[in-house]
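Generate the whole structure from the sequences, applying the supplied hints.
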Amino acid sequence: MVLDAFARRRQFVVFIVLCILALGVLTTQVRSPEQRRIGWLGVAVQVVLAPMASGLSRIGDVVDRGWALITEIGRLRTENRRLAAEVARLREENAQLQDAAQEAQRLRSLMAVRQQSFRTVSARVIGRDPSHWFNTLLIDRGPRDGVRRNDPVVTSEGLVGHVIEASGGWARVLLVLDPRSAIGVLVGRSRDAGVAEGQGQPMLRVKYLSRDAEIQPGDQVVTAGLGEIYPRGLVVGTVVDVSRGEGDLFREALVRPAADLNHLEEMVILVAEGSQASR
Amino acid sequence: MIRYGAYLLLVAVGLVLEMTWLGRATIVGVAPDPLVIFVMVVGLIHGSEEGALVGAGVGLLQDIVTGVPLGLGMLADQVVGFVAGLGGGVVYIESVWMPAVSAAALTSLRVGVWALAAHLVGLLGGPLLEVVRVDLVTACYNGLIAIPIYHGLRSLDRALVRFHEESR
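Residue numbers (numbering that gives the first Met the number 0), protein chains in the order written: chain V, 0 to 278; chain S, 0 to 167.
Hint data in this document are derived by calculation from the structure and do not stem from the laboratory.
A quick note: this is a predicted structure, and the numbers were derived from the prediction, not measured.
If a hint is listed, it holds; no wrong ones were tucked in.
From the structure, some residues in chain V lie toward chain S, with a derived Cβ separation under 10 Å: (1) Phe14; (2) Thr26; (3) Gln28; (4) Val29; (5) Arg35; (6) Gly38; (7) Ser56; (8) Ile125; (9) Glu164; (10) Asp177.
Computed spacing ranges between beta-carbons, pair by pair: (11) V:Arg148 - S:Pro126: 30 to 36 Å; (12) V:Pro201 - S:Leu135: 18 to 24 Å; (13) S:Tyr91 - V:Val42: 40 to 46 Å.
Think of the CB as a built atom: it goes at the ideal place given N, C-alpha and C, for glycine as much as any other residue.
In structure tokens, the structure reads:
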């Protein structure tokens, strides 16, 4: 009779034990620095699945490109004219910037400012996190190419995020929009310091700005270079709205990321000079 | 063992598809989640205990592969498997509309449990309306794709059980 009663309740016991186990795993994860730690088992799963994801992703890219070719011919002609005009303008601007860069180089050497130098490793996206609120990407470069945990990732438009896991020929990138991401930033011409936090939504929220900060929509946001991950001066995005924060002690700003994080295909990883590729 | 091996293979294929192709097939920014339908089928056919166990395994694998903190998907999917198992004794399993309606309801439950757990541990601070929007869209999307997936998985499960019995 006792056994019968146990058999009847066994499913509930199993369910409750599993719930406790899942909550235990979750709270342990949330306490870890990156709020995620997958261990050797997770790495093994990724090692098996990453090549499959890479193959399917390539097939998907080919299909996407074929479809785009068919649908975009008319638009491309107009775009081509616009780009030709823009190239001319950018050539002129480039000449001015080269002058400015040389001047900056001279001043930097005068001030003996030491900045860590990076080499770049280009990477392709092979997998995305399908959940709506967290934002990570799987890329086809890893320790084999010199990529390490905490390496910053950028596109030509701006900052993408940083590497949180890497093994063999793959790495996982935590995007700046992920709720687990927080970056020290400088805002606007006044260079007010704040912390840009992801919200799992298309905008970043810059917190802890001084209440007297002179910030307005359109101001550029760049990395402050205060932590150990991001170098100074990487473009994060543009301010779209400014408001008073909690208790009016600080101001807050909503920032649209400069990089198009929803349509990323290729990106560049900034690998610290001296980091060797593992064989 | 063969049945669980086949499940593992199916889940691996499902996970890779979710990461690559299904991530591009979004409706108003929301991707479908066919693995919820897989957990539902296991729960409906094999009961709530197996549903919860398979759900926990699928959810954990999903967490590992997709980059979210481990435990979120595990909790949400085991609830789906358990509830599907409880519902297996109540709903008429042969009904034409059962897969679509059940998949929509269980997907909605999964998103709700997932968002609640993420909120409780401080990972999700977004507006409630956004959670409701994603919940409804994912539920409808999964409801749309549920009928062929449900019948395919059920046929496969029957074949695996038959194979297991014949090989005894």
